[in-house]
Amino acid sequence: MKGDDFVDVQPWYTSRLNAPPAYLDSNDYRQKMFENATTNLDFTLETLDGTIETVRYLLYLTVDGIRTFVNEHPDAYRMKIDYRRDTVEEMINFALKGTFGLIEAPSAALNDYIACIRLYRPHGFWQLIRYIASKLSEHVTQFELSFRRDYNADSTGERLEIYKELKHSTTATEGNVLQKMQSIHYSSRNIRRILRYSETALDGCVF
567 MKGDDFVDVQ PWYTSRLNAP PAYLDSNDYR QKMFENATTN LDFTLETLDG
617 TIETVRYLLY LTVDGIRTFV NEHPDAYRMK IDYRRDTVEE MINFALKGTF
667 GLIEAPSAAL NDYIACIRLY RPHGFWQLIR YIASKLSEHV TQFELSFRRD
717 YNADSTGERL EIYKELKHST TATEGNVLQK MQSIHYSSRN IRRILRYSET
767 ALDGCVF
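For any residue, its number in this note's numbering is found by taking its place in the sequence shown, counting from 1, and adding 566.
By construction, these hints were calculated from the structure, which means they are not laboratory data. A couple of the hints might just be wrong.
To be verified - The calculated lysine to any residue pairs, modelled on SDA-like cross-linking and capped at a C-alpha distance of 20 Å, are:
| no. | residue 1 | residue 2 |
| --- | --- | --- |
| 1 | K598 | K663 |
| 2 | K663 | R696 |
| 3 | K646 | V636 |
| 4 | K663 | A588 |
| 5 | K663 | R714 |
| 6 | K701 | I669 |
| 7 | K646 | F609 |
| 8 | K663 | N606 |
| 9 | K730 | D720 |
| 10 | K598 | E612 |
| 11 | K663 | K730 |
| 12 | K730 | E704 |
| 13 | K663 | G631 |
| 14 | K663 | L711 |
What the hints assert, rightly or not - Across the chosen pairs, the derived CB separations fall in these ranges:
| no. | residue 1 | residue 2 | range |
| --- | --- | --- | --- |
| 15 | I669 | E638 | 31 to 37 Å |
| 16 | L607 | S673 | 40 to 46 Å |
| 17 | E619 | L726 | 57 to 63 Å |
| 18 | D615 | S721 | 55 to 61 Å |
| 19 | S592 | D615 | 47 to 53 Å |
| 20 | D615 | H689 | 23 to 29 Å |
Cβ atoms here follow ideal geometry from the backbone N, Cα and C, with glycine treated the same way.
All chains, full assembly: derive it from the sequences and hints.
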């Protein structure tokens, strides 16, 4: 793993974002304001797999990376963004509507989104990253609880065999594998968090 694959969930002075809505109802005032504000499209974003028509001034106000580009190229009405169209659309939705609908998305999509908002910095992106880190930590906790429930001395069949194998396997420094897993889980509550999201298959769990 490369160091650049990780996100240090900082700076410390950012507050945690309350759970943003995944989408807005058609009669929500924010959705209506968004529709009214985007009637005169004058800016094209060229993504890796398509284009997005939007309003330059709105993105100038809400996305630092686009503001920097426009300041350097005041006559430009097209901008290239090397991310997938769906990713860029989600970033724009967060910047202009405050929505975020990728918390249950596949890891590749979520990684792409995190990289995109880190680079272009829509307003409130650090709070959003802290929210994502918090939700993924909940996934880890749920996985640990599910594992202890399903793999224990009272399990049967293959799960019991896996439990016995882990219990009797040893690590170099900290007893058996189960003890090591438990130690890591409890110590994680007291460490400084960085963020990298990946999938590991074990009875459908993702962590």
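Taking the hints in turn, this is what the structure says about them:
1. Of the pairs offered as hints, the one joining K598 and K663 holds, with about 10 Å between alpha carbons and a cut-off of 20 Å not exceeded.
2. A C-alpha spacing of about 19 Å is found between K663 and R696, which places the hinted pair at or below 20 Å, so the restraint holds.
3. The hinted pair formed by K646 and V636 meets the criterion: a straight-line CA distance of about 12 Å does not exceed 20 Å.
4. Taken as a hint, the K663 and A588 pair is honoured in the structure, with Cα atoms around 10 Å apart against an allowance of 20 Å.
5. A distance of roughly 40 Å separates the Cα atoms of K663 and R714; the hinted pair therefore is violated under the 20 Å criterion.
6. Proposed proximity of K701 and I669 is supported: the alpha carbons are some 8 Å apart, at most 20 Å.
7. As the CA atoms of K646 and F609 are separated by approximately 11 Å, the hinted pair is consistent with the 20 Å bound.
8. With a CA separation close to 17 Å, the supplied pair K663 and N606 stays within the 20 Å bound.
9. As the CA atoms of K730 and D720 are separated by approximately 11 Å, the hinted pair is consistent with the 20 Å bound.
10. A threshold of 20 Å between alpha carbons decides the hint, and for K598 with E612 the separation of about 26 Å lies outside it, so the pair is violated.
11. As the CA atoms of K663 and K730 are separated by approximately 51 Å, the hinted pair breaks the 20 Å bound.
12. Taken as a hint, the K730 and E704 pair is broken in the structure, with Cα atoms around 27 Å apart against an allowance of 20 Å.
13. Distance check on the hinted pair: K663 and G631 sit about 18 Å apart at the alpha-carbon level, within 20 Å; holds.
14. Restraint check for K663 and L711: not satisfied, since their Cα atoms lie roughly 35 Å apart, outside the 20 Å limit.
15. At about 34 Å, the CB distance of I669 to E638 agrees with the hint of 31 to 37 Å.
16. Distance hint for L607 and S673: a CB-CB separation of about 32 Å, inconsistent with the stated range 40 to 46 Å.
17. For E619 paired with L726, a C-beta distance near 58 Å keeps the hint of 57 to 63 Å intact.
18. For the pair D615 and S721, the beta carbons lie near 45 Å from each other, so the given range of 55 to 61 Å is not met.
19. Look at S592 against D615: about 27 Å separates their beta carbons, and that is not inside 47 to 53 Å.
20. Checking the proposed 23 to 29 Å range against D615 and H689 shows it holds: the Cβ atoms sit about 26 Å from each other.
In summary, the numbered hints that this structure violates are 5, 10, 11, 12, 14, 16, 18, 19.
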